[in-house]
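S.K.: Based on the provided sequences and hints, a complete structural model is requested.
Under full-length UniProt numbering, the first residue of the sequence shown carries the number 1, and numbering increases by one thereafter.
Keep in mind the hints are simulated off the structure, nothing from the lab.
Hints may contain errors.
To be verified - Computed beta-carbon distance windows for the label pairs:
#1 126 - 30: 36 to 46 angstroms
#2 110 - 51: 32 to 42 angstroms
#3 113 - 80: 13 to 23 angstroms
Said to hold, decoys possible - Keeping only pairs whose Cα atoms sit at most 20 angstroms apart, straight-line, the calculated EDC-like set for lysine to aspartate or glutamate is:
#4 92 - 110
#5 95 - 56
#6 92 - 108
#7 95 - 110
#8 95 - 124
#9 95 - 47
#10 92 - 105
#11 16 - 56
#12 95 - 63
#13 92 - 47
#14 16 - 47
#15 92 - 65
#16 16 - 65
#17 16 - 35
#18 92 - 42
#19 92 - 82
#20 16 - 27
#21 95 - 105
#22 95 - 112
#23 95 - 65
#24 92 - 27
#25 95 - 42
#26 95 - 43
#27 95 - 27
#28 92 - 35
#29 95 - 108
Glycine included, each C-beta is placed from N, C-alpha and C at the ideal position.
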Amino acid sequence: MRDHEQPQDALCAPEKLVRQVALATQEAQVPLAGENALPRYDDYAHEQILQASALDIDGNSADREMCAFTYLRMNPDLFQPDNWRRFVAFVKKMKEGKDAHRCWEQVEREAEHFVHVTQPLVQEAAVALMH
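M.R.: In structure tokens:
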């Protein structure tokens, strides 16, 4: 979530909160793990997670990254073909870490084989989640 995506009257700032927690963990020298809050499957949301997980909050955190990330809210929507394709690419980008500079299109092309191979399992999972 980005600050500008929130209703103004909510007075919330998720980006500021992540930055505050990241700075506190850096100062305390403890690792930081993260998770998503909402079920979003778009590239914009995935990119926000990638940026936040890099923990480059003060321009001086070159060697820090989240130690773990939990992707919450698995539901049938995740397994829709376009969402699954984007999710597979997102996982590949997360695995590469913040030093990877490949574009989304390249990563999605590389993920296409995995998307194709897992299609029967994905369909089975989607059906199971609906019951």
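S.K.: Looking at the structure, which of the earlier hints fail to hold?
M.R.: Violated hints: 2, 8, 24, 27; rest satisfied.
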